[in-house]
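Number of protein chains: 2
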Amino acid sequence: MNQRRVDITALLLAYAQAEPPEDVRAVMRLSALDWAACGIAGHRDGAFDCWAATMTSKGPATRFDGRGGTLADAALVNGTLSHALDYDDTHFAHIGHPSVAVIPATLAVAEAQGASIEQMIDAAAVGAEASVAVGLWLGRDHYQVGFHQTATAGAFGSTVAAGRLLGLSADHMRAALGLCSTMASGLKSQFGTMGKPLNAGLAVRTGVEAAMWAQAGLTSAEDTLAGPLGFGVTHHGEGADVPFGWRMGSVSHKFHACCHGLHAALEAVRGVDLSGARQITVHTHPRWMTVCNQPSPDTGLSAKFSYRHVLAMAAHGCDTGDITAFSDACARDPALVAWRDRVEVEADDTLTEMQVRVVVDGVAHIHDLDAPLPFEVRQKRIHAKARALVGARADEIAQAIDDDDLPCFAQLLTS
Amino acid sequence: MNQRRVDITALLLAYAQAEPPEDVRAVMRLSALDWAACGIAGHRDGAFDCWAATMTSKGPATRFDGRGGTLADAALVNGTLSHALDYDDTHFAHIGHPSVAVIPATLAVAEAQGASIEQMIDAAAVGAEASVAVGLWLGRDHYQVGFHQTATAGAFGSTVAAGRLLGLSADHMRAALGLCSTMASGLKSQFGTMGKPLNAGLAVRTGVEAAMWAQAGLTSAEDTLAGPLGFGVTHHGEGADVPFGWRMGSVSHKFHACCHGLHAALEAVRGVDLSGARQITVHTHPRWMTVCNQPSPDTGLSAKFSYRHVLAMAAHGCDTGDITAFSDACARDPALVAWRDRVEVEADDTLTEMQVRVVVDGVAHIHDLDAPLPFEVRQKRIHAKARALVGARADEIAQAIDDDDLPCFAQLLTS
Numbered sequence: 001m002n003q004r005r006v007d008i009t010a011l012l013l014a015y016a017q018a019e020p021p022e023d024v025r026a027v028m029r030l031s032a033l034d035w036a037a038c039g040i041a042g043h044r045d046g047a048f049d050c051w052a053a054t055m056t057s058k059g060p061a062t063r064f065d066g067r068g069g070t071l072a073d074a075a076l077v078n079g080t081l082s083h084a085l086d087y088d089d090t091h092f093a094h095i096g097h098p099s100v101a102v103i104p105a106t107l108a109v110a111e112a113q114g115a116s117i118e119q120m121i122d123a124a125a126v127g128a129e130a131s132v133a134v135g136l137w138l139g140r141d142h143y144q145v146g147f148h149q150t151a152t153a154g155a156f157g158s159t160v161a162a163g164r165l166l167g168l169s170a171d172h173m174r175a176a177l178g179l180c181s182t183m184a185s186g187l188k189s190q191f192g193t194m195g196k197p198l199n200a201g202l203a204v205r206t207g208v209e210a211a212m213w214a215q216a217g218l219t220s221a222e223d224t225l226a227g228p229l230g231f232g233v234t235h236h237g238e239g240a241d242v243p244f245g246w247r248m249g250s251v252s253h254k255f256h257a258c259c260h261g262l263h264a265a266l267e268a269v270r271g272v273d274l275s276g277a278r279q280i281t282v283h284t285h286p287r288w289m290t291v292c293n294q295p296s297p298d299t300g301l302s303a304k305f306s307y308r309h310v311l312a313m314a315a316h317g318c319d320t321g322d323i324t325a326f327s328d329a330c331a332r333d334p335a336l337v338a339w340r341d342r343v344e345v346e347a348d349d350t351l352t353e354m355q356v357r358v359v360v361d362g363v364a365h366i367h368d369l370d371a372p373l374p375f376e377v378r379q380k381r382i383h384a385k386a387r388a389l390v391g392a393r394a395d396e397i398a399q400a401i402d403d404d405d406l407p408c409f410a411q412l413l414t415s
Numbered sequence: 001m002n003q004r005r006v007d008i009t010a011l012l013l014a015y016a017q018a019e020p021p022e023d024v025r026a027v028m029r030l031s032a033l034d035w036a037a038c039g040i041a042g043h044r045d046g047a048f049d050c051w052a053a054t055m056t057s058k059g060p061a062t063r064f065d066g067r068g069g070t071l072a073d074a075a076l077v078n079g080t081l082s083h084a085l086d087y088d089d090t091h092f093a094h095i096g097h098p099s100v101a102v103i104p105a106t107l108a109v110a111e112a113q114g115a116s117i118e119q120m121i122d123a124a125a126v127g128a129e130a131s132v133a134v135g136l137w138l139g140r141d142h143y144q145v146g147f148h149q150t151a152t153a154g155a156f157g158s159t160v161a162a163g164r165l166l167g168l169s170a171d172h173m174r175a176a177l178g179l180c181s182t183m184a185s186g187l188k189s190q191f192g193t194m195g196k197p198l199n200a201g202l203a204v205r206t207g208v209e210a211a212m213w214a215q216a217g218l219t220s221a222e223d224t225l226a227g228p229l230g231f232g233v234t235h236h237g238e239g240a241d242v243p244f245g246w247r248m249g250s251v252s253h254k255f256h257a258c259c260h261g262l263h264a265a266l267e268a269v270r271g272v273d274l275s276g277a278r279q280i281t282v283h284t285h286p287r288w289m290t291v292c293n294q295p296s297p298d299t300g301l302s303a304k305f306s307y308r309h310v311l312a313m314a315a316h317g318c319d320t321g322d323i324t325a326f327s328d329a330c331a332r333d334p335a336l337v338a339w340r341d342r343v344e345v346e347a348d349d350t351l352t353e354m355q356v357r358v359v360v361d362g363v364a365h366i367h368d369l370d371a372p373l374p375f376e377v378r379q380k381r382i383h384a385k386a387r388a389l390v391g392a393r394a395d396e397i398a399q400a401i402d403d404d405d406l407p408c409f410a411q412l413l414t415s
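Here the protein sequences line up with chains G and S, keeping their order. According to my numbering, the stretch in the first sequence is residues 1 to 415, in order. According to my numbering, the stretch in the second sequence is residues 1 to 415, in order.
Just so you know, the hints here were simulated from the structure itself, not pulled from any lab data. None of the hints are false.
Restraint-style ranges between C-beta atoms, simulated for each label pair:
hint, chain 1, residue 1, chain 2, residue 2, range
1, S, E346, G, Q144, 44 to 52 Å
2, G, Q144, S, R387, 52 to 60 Å
3, G, D23, S, S415, 49 to 57 Å
4, S, A47, G, D322, 49 to 57 Å
5, S, P21, G, P407, 54 to 62 Å
6, S, V145, G, S302, 37 to 45 Å
7, S, P21, G, Q113, 51 to 59 Å
8, G, D328, S, G46, 57 to 65 Å
Keep in mind the model is a prediction, meaning the values are calculated, not measured. All residues carry an ideal CB built from backbone N, CA and C; glycine is no exception.
Sequences are here, hints too, so could you generate the full structure?
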């Protein structure tokens, strides 16, 4: 741990009380729609059905699987299901998925409290900011050694979000953060298994429980983030300096149902007619060469890790934003397989991990995922993505958010 | 991490299948009585009432607070309440409290499965052994940096115990251990707060959930204890070599409701008439001088950390095994306060932390907490302790264990 420059607990208490600016609120409303669509589709996918059925509590909180449950169970189930497809939003400042870890917490508590969507959005915004701040404070060592920031930093975000909606006093919020410190967990070794979505669900539940339990009088040590034997020192935290600020305006939404390493290339050729292209070269950061450069995928899953195949899909008008597009049949489609041979992929260490240069018959198309998307473009694309995921339900959900109608929003989540 | 010499996951799978020897079973039966008495008394103490009431699920599993709940809620509540008084058993090999982390898991699953007490005892025994083995594998670094072995190693023990009773296949048990790796948590910074008992409850719940979820088909990475990005490397594990063996025969039961550092001194003078002693010198390991050598305590709580006061209690026939004996009135009793001046405490670095030498008017009385207690003595003293905690109920619980009557045992836990 570096010498402590920021009092991270005080910073989180400040987020819990802060009023998010309108641009952050606006992005959180979009994230709420994006989250809802990912969760509904994640439940419809069915992979987690048997697991979710083991949470048998009855209660007032809405679950994607249609069972009403306790706040804790709803938090766990909804957090997990909304991350099941790995299609939810990402913040690259600390590399975590903020919405899946905080929105389910705010929904559960907002329903129990009779709060409005706007109060839910405010709580989600400060919770997401808190998770990004904790993630930055923990730093890269924490992530590199093996912790999953979505889960660990996310649990603190969920605590702040749930605690705000419960109206915790500063003392209770401090206790809740202390309890979160002793509960938060989650390893990157789960990537590629059902344990990864579970990590998100656990983070949400931790926040809801920590906040509820602090309110019920459970005590905790005073400063268990940065203090002795605290979360930072035990979890390889760097203790980086993190000024108060609003960072959720630059959250990234996924518009392609494949590995994030492929997104910049797909964005670069968005609107470019590739159908007649003869020679395409993708220049990308060397890191991605071992991650998503499968030259000849033959399953839907492996196609999600192939520059050559996703560009073939783009050239043939397949919607890479549609999770059902990545089928085994698509991966083996003779027309696409033949077309893949027009694509070469080359490492270029002058590019960042977020940048790509796609040269189509001598014409370079570049894209940087770090460049902010204009709000109206982002809005339009999230609506389109949500419609691709859940059909007309997407418009009803967007309307419920616009109408500030929480019961309607919650009811639309169950299929 | 040292070079890996033991495959810790394989070791845990071996415990899950093993038949515990009869001497370990016999000690686990005593621990079950000890655990039950601690849990009933922990619930009657009332401090956790408001917290436990937030677990609102209905279900078949018995809870000390009389509410039937889901297996997960019962595991959480019972684990926490049985550690509330910090009066349960301790294993000094890794420094953890094994019974509170595994017995509640076995009770919840055994009730749901209609298993017998003997099956519950077997599962608790292998679970406790597994927790000690994981604790030894993680080693002192893990504990020193700030992790609470009762919680972290305990969660793996709970997983093995619950998984055995659920009859998990080896593949499912491996998945359960993987899920436990991404869920287990718990910091020592919670010591002295309600977060410490909570850590035990979380460990129990983690094990029950990991086992149930693996059975429901939740997948996990293959080797998330010793593997890359696994629990060991992320949680400062040493990866020590741990041969298969039975270690629960040497578990320690607490017979005095005060700091463990005082126990050796109280044991040394057990049966010695101190009422007429003029000069008593306690020679103890230097570590305890800053832990439990309060010279002039004036509250019940501070009396629990005072050699001078607990010896005064012993000299006056106060039962140091009775949790209600450590009252403010006792700490201020003029007769005891005056008698304390006969006691001096001196550090002696030739003694281990477990050893003490109490010199009474020139006669030395020594005790080593590491020396095993003959079974019949241990049995008699645990029965006496249980009676002091919960009265005649203790005999009924012991009878239910002898009769292998799980429904009766469970019913006796609720007050």
